[in-house]
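Produce the complete structure using the sequences and hints provided.
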Amino acid sequence: MTARLARVGLRLATATILGFIYLPIGLIFVYAFNAGTTPSWPPVGFTLAWFGEALRNTGLQQAFLTSVGAALMATAIALVLGTLAAIAVARYEFFGREAVSFVVIFPIALPGIVTGMALSTTFAQIGVPLGFFTIVVGHATFCIVLVYNNALARLRRTSRSLEEASADLGADSWTTFRRVTLPAMRSAILAGALLAFALSFDEVIVTIFTAGGVKTLPIWIFQSFRLANQVPLVNVAGVVAILLSVLPVYLASRITADTGEITGARG
Amino acid sequence: MSDHRTPTPEPPVRSTVGRRLAAWLHRRPGLRAGGLLAGPVAWLVGVYVGSLAILFLNAFWSRDAFTGATIYEPTLRNFAELLGDPYPGITLRTVVMASLVTITCAVLALPVAYYMARVASPRIRNALVVAVIVPLWASYLIKVYSWRLILAEQGILNWALAPFGLRGPGFGDVAVWLVFTYLWLPYMILPVYAGLSRIPDSLFEASADLGARPWMTIRRIVLPLALPAIVAGSIFTFSLTLGDYIAPATVSTTIFIGNAIFSNFGAGNFPLAAALSLVPLVIVLVYLLVARRLGAFEAL
Chain A
1 MTARLARVGL RLATATILGF IYLPIGLIFV YAFNAGTTPS WPPVGFTLAW
51 FGEALRNTGL QQAFLTSVGA ALMATAIALV LGTLAAIAVA RYEFFGREAV
101 SFVVIFPIAL PGIVTGMALS TTFAQIGVPL GFFTIVVGHA TFCIVLVYNN
151 ALARLRRTSR SLEEASADLG ADSWTTFRRV TLPAMRSAIL AGALLAFALS
201 FDEVIVTIFT AGGVKTLPIW IFQSFRLANQ VPLVNVAGVV AILLSVLPVY
251 LASRITADTG EITGARG
Chain B
1 MSDHRTPTPE PPVRSTVGRR LAAWLHRRPG LRAGGLLAGP VAWLVGVYVG
51 SLAILFLNAF WSRDAFTGAT IYEPTLRNFA ELLGDPYPGI TLRTVVMASL
101 VTITCAVLAL PVAYYMARVA SPRIRNALVV AVIVPLWASY LIKVYSWRLI
151 LAEQGILNWA LAPFGLRGPG FGDVAVWLVF TYLWLPYMIL PVYAGLSRIP
201 DSLFEASADL GARPWMTIRR IVLPLALPAI VAGSIFTFSL TLGDYIAPAT
251 VSTTIFIGNA IFSNFGAGNF PLAAALSLVP LVIVLVYLLV ARRLGAFEAL
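As you go down the protein sequences, you meet chains A and B in turn. In this text, residue positions in the first sequence follow the working numbering: the first is 1, and each later residue adds one. In this text, residue positions in the second sequence follow the working numbering: the first is 1, and each later residue adds one.
Errors might be hidden in some of the hints.
Simulated DEER-style distance windows between Cβ atoms [what the hints assert, rightly or not]: (1) F102(A) to I103(B): 47 to 55 Å; (2) L92(B) to R4(A): 27 to 35 Å; (3) L210(B) to T175(A): 54 to 62 Å; (4) F102(A) to P86(B): 32 to 40 Å; (5) P214(B) to A76(A): 47 to 55 Å; (6) A208(B) to R97(A): 37 to 45 Å; (7) A162(B) to L251(A): 36 to 44 Å; (8) G295(B) to S159(A): 24 to 32 Å; (9) E164(A) to A212(B): 48 to 56 Å; (10) E164(A) to F297(B): 25 to 33 Å; (11) G266(B) to T37(A): 42 to 50 Å; (12) L223(B) to L23(A): 56 to 64 Å.
Which residues of chain B face chain A? A partial, calculated answer using Cβ under 7 Å [as the list claims (entries may be wrong)]: (13) V47; (14) V119; (15) Y145; (16) G155; (17) W159; (18) P163; (19) S239.
Hints listed in this document are in silico derivations from the structure and should not be mistaken for laboratory results. Model, not experiment: these values are computed from the prediction. We treat Cβ as the ideally placed atom computed from N, Cα and C, and that holds for glycine.
Laid out in structure tokens, this is it:
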């Protein structure tokens with residue numbers, strides 16, 4: 001009887017806490033269709049007008065395109081560097097291997113404001129003007145770990161004997177990489193890249209320090225949500241921001257569903 | 001590893017430069033590892049570790065009070081300033097907030113993680129894992145903004161509590177605690193869930209066989225074994241709280257370390273901002289060392 005009661009209690013607690021997690025996210029979707037211009041509850045009516053307005057707002061569009069562009073470039077860099085580092089760590093013995101896995105995690109393990117301050121100070125010191133380029137550099141730095149973690153997990157689960165067999169059959173390193181290693185890693189790398197895109201698209205704590213005058217979508221939202229007349233647009237931008245950060249993650253979890261590699265570690 | 005040293009016969013069909021290079025590389029695994037690592041290590045060390053070093057150096061410069069220009073002469077003035085008002089109070093407040101948020105997250109995460117790991121059917125379990133991962137990634141800023149709407153005077157919380165004659169906490173320290181707990185809760189649930197899944201069933205059976213009541217089993221078996229996982233989750237809750245300036249500024253006017261760094265940075269006092277940002281850095285590094293001793297790294 002107690003066991004049954006505990007079970008019901010646990011189920012209730014889980015449902016309540018999940019409700020707590022989802023309610024604020026759902027609220028934004030409701031507000032995006034709210035006919036009223038103030039964020040008071042309850043909503044006054046249904047409208048699609050704000051979506052049309054958002055499509056006509058050049059500042060918002062520009063910010064959106066900047067975010068997509070920066071996320072694509074940061075993901076491309078993270079994809080290459082994360083994959084290379086993962087192969088080296090998984091397949092070779094060398095001095096300082098532990099240090100590599102430590103340094104990769106660093107940009108995400110340390111508090112965001114420290115990363116932002118460090119990058120911003122450095123760019124100022126060496127005279128790199130802040131802007132799109134510095135946003136990409138910052139994002140790529142903390143996105144590497146996402147590709148790295150996924151690729152490394154996959155490599156650790158893939159037997160090395162396949163690569164050895166390939167070598168025994170006369171394939172050189174490059175052929176083995178292209179025909180054996182890479183196909184085995186492909187879905188893990190893709191999942192990592194999707195996570196990297198989601199993180200980059202969404203990041204704001206570090207980005208504010210490295211953006212200069214350039215506005216990404218989160219920066220646009222951050223600067224707009226205190227302005228009363230922008231509230232309806234911020235709600236629409238919020239829906240877009242949620243969807244574009246969640247969809248890649250959902251896809252990534254589908255791609256690697258059979259392996260359970262995606263854990264969601266990010267920072 | 002012996003196979004790597006076995007000489008590979010030259011390919012019989014065609015011998016291009018590329019293939020010869022590949023064959024030459026094949027006999028030199030050290031060189032291949034180096035080639036693989038050159039890019040990532042150069043980037044991470046050059047961009048990140050280098051930046052941290054420059055940040056550290058900047059903490060020893062100072063700012064000319066009249067011109068606002070940076071004076072490149074090493075001084076401990078910034079650190080002396082950190083010891084005076086208001087910074088010790090701000091640091092203490094931030095650490096207390098991070099601890100409260102961590103404890104609240106752990107308390108909320110345990111029942112969810114336990115249900116996921118030990119009670120739910122495999123199908124429900126997988127669905128719940130996705131249900132926790134997805135909001136973790138959902139736009140950070142929008143989640144903060146949403147709480148601004150929820151806690152506002154005309155917000156949904158006051159509306160929902162009004163029939164009971166109650167009011168929400170409004171903007172302030174309680175709101176910061178609530179928002180941080182909300183933001184980082186999934187980061188705590190996932191490692192604790194993973195930790196609880198790893199406990200062998202036999203331990204539960206043994207505990208029951210020895211006459212332990214469920215509560216006793218939880219206290220003597222589950223909690224001690226979940227501890228490394230909770231500590232692993234707390235690395236996120238702690239580090240993320242220390243590094244955040246947006247959430248407090250959105251739902252309160254209270255100054256935490258992040259806000260102090262950000263406002264000094266905005267005011268152009270880069271050396272002091274640099275010195276200040278060493279505070280959360282050191283706290284997190286110490287925390288990581290302690291966490292490692294508690295076995296949190298294996299539980300990540």
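Hints, verified against the model:
{"no.": "1", "hint": "F102(A) to I103(B): 47 to 55 Å", "verdict": "violated (28 Å)"}
{"no.": "2", "hint": "L92(B) to R4(A): 27 to 35 Å", "verdict": "violated (46 Å)"}
{"no.": "3", "hint": "L210(B) to T175(A): 54 to 62 Å", "verdict": "holds (59 Å)"}
{"no.": "4", "hint": "F102(A) to P86(B): 32 to 40 Å", "verdict": "holds (34 Å)"}
{"no.": "5", "hint": "P214(B) to A76(A): 47 to 55 Å", "verdict": "holds (52 Å)"}
{"no.": "6", "hint": "A208(B) to R97(A): 37 to 45 Å", "verdict": "holds (44 Å)"}
{"no.": "7", "hint": "A162(B) to L251(A): 36 to 44 Å", "verdict": "holds (41 Å)"}
{"no.": "8", "hint": "G295(B) to S159(A): 24 to 32 Å", "verdict": "holds (29 Å)"}
{"no.": "9", "hint": "E164(A) to A212(B): 48 to 56 Å", "verdict": "holds (50 Å)"}
{"no.": "10", "hint": "E164(A) to F297(B): 25 to 33 Å", "verdict": "holds (31 Å)"}
{"no.": "11", "hint": "G266(B) to T37(A): 42 to 50 Å", "verdict": "violated (30 Å)"}
{"no.": "12", "hint": "L223(B) to L23(A): 56 to 64 Å", "verdict": "violated (29 Å)"}
{"no.": "13", "hint": "V47", "verdict": "holds (5 Å)"}
{"no.": "14", "hint": "V119", "verdict": "holds (6 Å)"}
{"no.": "15", "hint": "Y145", "verdict": "holds (5 Å)"}
{"no.": "16", "hint": "G155", "verdict": "holds (6 Å)"}
{"no.": "17", "hint": "W159", "verdict": "holds (5 Å)"}
{"no.": "18", "hint": "P163", "verdict": "violated (13 Å)"}
{"no.": "19", "hint": "S239", "verdict": "holds (5 Å)"}
When the structure is compared with the earlier hints, violations turn up for hints 1, 2, 11, 12 and 18 and for no others.
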